[in-house]
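Novice: Working from the sequences, and respecting the hints, build out all of it.
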Amino acid sequence: MLMSFSGIVFGVGFFIVTQAQTSGFQDFFIKTILGVDGMIRVEDRFQSTMRSMEAESGSNFQILLESNVRYIPGVQFPERLMATIQRFPGVVAAAPVVRGSGMLNANFRAHSCRPYGIDAEKHFQVSDLEEQIIRGSIEAFKANPYAVLVGERMAQRLSIHPGDSVLIESHKQNRSYRVAGVFETGIGQVDKERIFLHMPAARILLDRPNGASFIQINLEDPTKAPEVAERMQASLSHAATSWQWRERTWLQVFKVLRISSALTVSSIILIAGLGMFNTLAMIVIDKTREIAILRSIGYTRADIIKIFMYQGLIVLSVGILGGATFAAIITYSLSRLPIRIRGIFASDTFIVNWDIAHYLWAAAIATIVVGIASYFPARKAARLEPGVVIRSSGS
Amino acid sequence: MPPILEARNLSRHLGEGLTRVHALRNVSLKIEQGKTYSIVGHSGSGKSTLLYLLGLLDRAESGSIKLAGQATENLHDDERTELRNRFLGFVFQFHFLIKEFSVLDNVMIPMRKLGIKSPKAMKETGMSLLDSVGLADKALRMGNQLSGGEQQRVAIARALANDPQVVLADEPTGNLDRKNADRVFELLSNISRERGNAFVMVSHNMELAERCDVVMPMQDGRFLPVES
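Protein chains in written order, with the working numbering: chain R, 5 to 399; chain Y, 1459 to 1686.
I should point out that these hints are in silico values taken from the structure, not numbers from a laboratory.
One or more hints might be untrue.
List of simulated lysine to any residue pairs, SDA-like, C-alpha gap at most 20 Å [stated by the list, open to error]:
| id | chain 1 | residue 1 | chain 2 | residue 2 |
| --- | --- | --- | --- | --- |
| 1 | Y | Lys-1557 | Y | Leu-1487 |
| 2 | Y | Lys-1596 | Y | Phe-1559 |
| 3 | R | Lys-35 | R | Ile-345 |
| 4 | R | Lys-310 | Y | Phe-1559 |
| 5 | R | Lys-291 | Y | Phe-1552 |
| 6 | R | Lys-310 | Y | Ile-1556 |
Specialist: Below, the structure is given as structure tokens:
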């Protein structure tokens, strides 16, 4: 019984800990990507092209068919589109972005880059760029129309520091900018190649006097992004993608990890349940005479089932309590564990998520396993015929 | 006074196939309150089979049993169990005490099931019963810390816990030495007489059996005529 109890404690504990870790990393990843690329992105305009076909051979009656969708890159009238977007329920802010490509030269070295032209005030409402500045300052960026914000990895590779002057080459022109700050999102690709310029400067550099590449949108409730994006796409004639669709690969990876770890760790609880089943089955064999005497005294079959189920309940309750305490201690310890993570987000400690649902799920799984493990031996005990047992004990 | 326990034409086979035997053949009897009965006979005579049927621990193939005026043959297992709890007390050859419980707790088991008395009243009754079997001073000991004779006396106290109308005893002294056997029998028969219960004992021990009010010898699943 002690082994079964230990199994329940460790099974419940590890279940909670693994869920706290995987969901912690997932939540932090979501927070990071929302802080970088927003919740919805409205970009390329599309046009449905129609063709017609005869309803019947030789007939004059024609049926119109939607044959294809033609995409026109970018947003032609961003201000007008943003005004419409702002009227969608749940939209907090929208900001236009002009995007291009180029080469950044500094310290006699060159690195390919992706310039993003932003309207600083609007962009800060749809991203966490302000909080992602690790060197330099956002004020310096705001103050200088030819300032640039550079990703941490690029800054490291080119040895760029705030205050340095850099040359950006794009569309056959070289222009000089002052580095106002270095940002770190934790997403490797973004920190390696993305740079932020003020919109007017970006328009000149990218030779794009009007329009925008896309509009980045923030919502009150991130979970509503797919439905809002769908409505926007239907009514704005522009492709609208939610963060869930954009990051579906990573989200799928996290989901698979969570399920996989839950299944793996549940096997500990299952093994503990099997141990408990064995123990209770042995008790039934060992206590046959005691069960028979209880039955002869007046305890019903249901009473016998209750006695065994109570045993299971005691192990379960103490096991869940012990497991939850164990999990809370381990989760707290993990959250203090220093570990440098870069690539899909930036963190210097283990990320955990404190969620009562993890505790409830662990308790539910343990309850089901222990319930089944207790019920069958209990039922076997209840089926004993007292007369037969007592008679055979006496012979 | 109507009999507290009445059996009519009980029949029962035991075993299967080649080992199947006709253990009881149309046995009838009446048990009255305040009297002591002994059923005697050799092994295989059917006396224990009869006792288990009377105690509602087994079902007869034919015949009927009335306990406290209630027909029992068509009752559900739970109803028969309830009747056992209310009207019957059992003492077996082995004490079957629950070793994880104290002596007092063992005696209180039937009372807990009946659920009529308060915990305090159950404790008082338990102590009083242990006193009557001479074990009040050992009430808090564990069951397995007593001698064989003492354990059987605890089993008697337990059998009397709900003040049953009938006490059924299957070889209650079969596992004891002569001195302890005498003491246990005296206890059972005296307490039953004092309380006005019926006491039915199955025994090999003719000396003890003949000290009962009614002696019922059995052979081949039938009662033998009693010589007067």
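Novice: Each hint: holds or not?
Specialist: Results for each hint:
Note on Lys-1557 of chain Y and Leu-1487 of chain Y: the hinted pairing is violated, with a Cα-Cα distance of about 36 Å set against a maximum of 20 Å. As the CA atoms of Lys-1596 of chain Y and Phe-1559 of chain Y are separated by approximately 13 Å, the hinted pair is consistent with the 20 Å bound. Between the alpha carbons of Lys-35 of chain R and Ile-345 of chain R the distance comes to roughly 15 Å, so the proposed pair stays at or under 20 Å and holds. Proximity of Lys-310 of chain R to Phe-1559 of chain Y is assessed by CA-CA distance (about 18 Å); at most 20 Å being required, the pair is judged to hold.
With a C-alpha separation of about 14 Å, the suggested pair Lys-291 of chain R and Phe-1552 of chain Y falls inside the 20 Å cut-off, and the hint holds. In summary, the hint linking Lys-310 of chain R to Ile-1556 of chain Y is supported, as the alpha carbons are separated by about 17 Å, within the 20 Å threshold.
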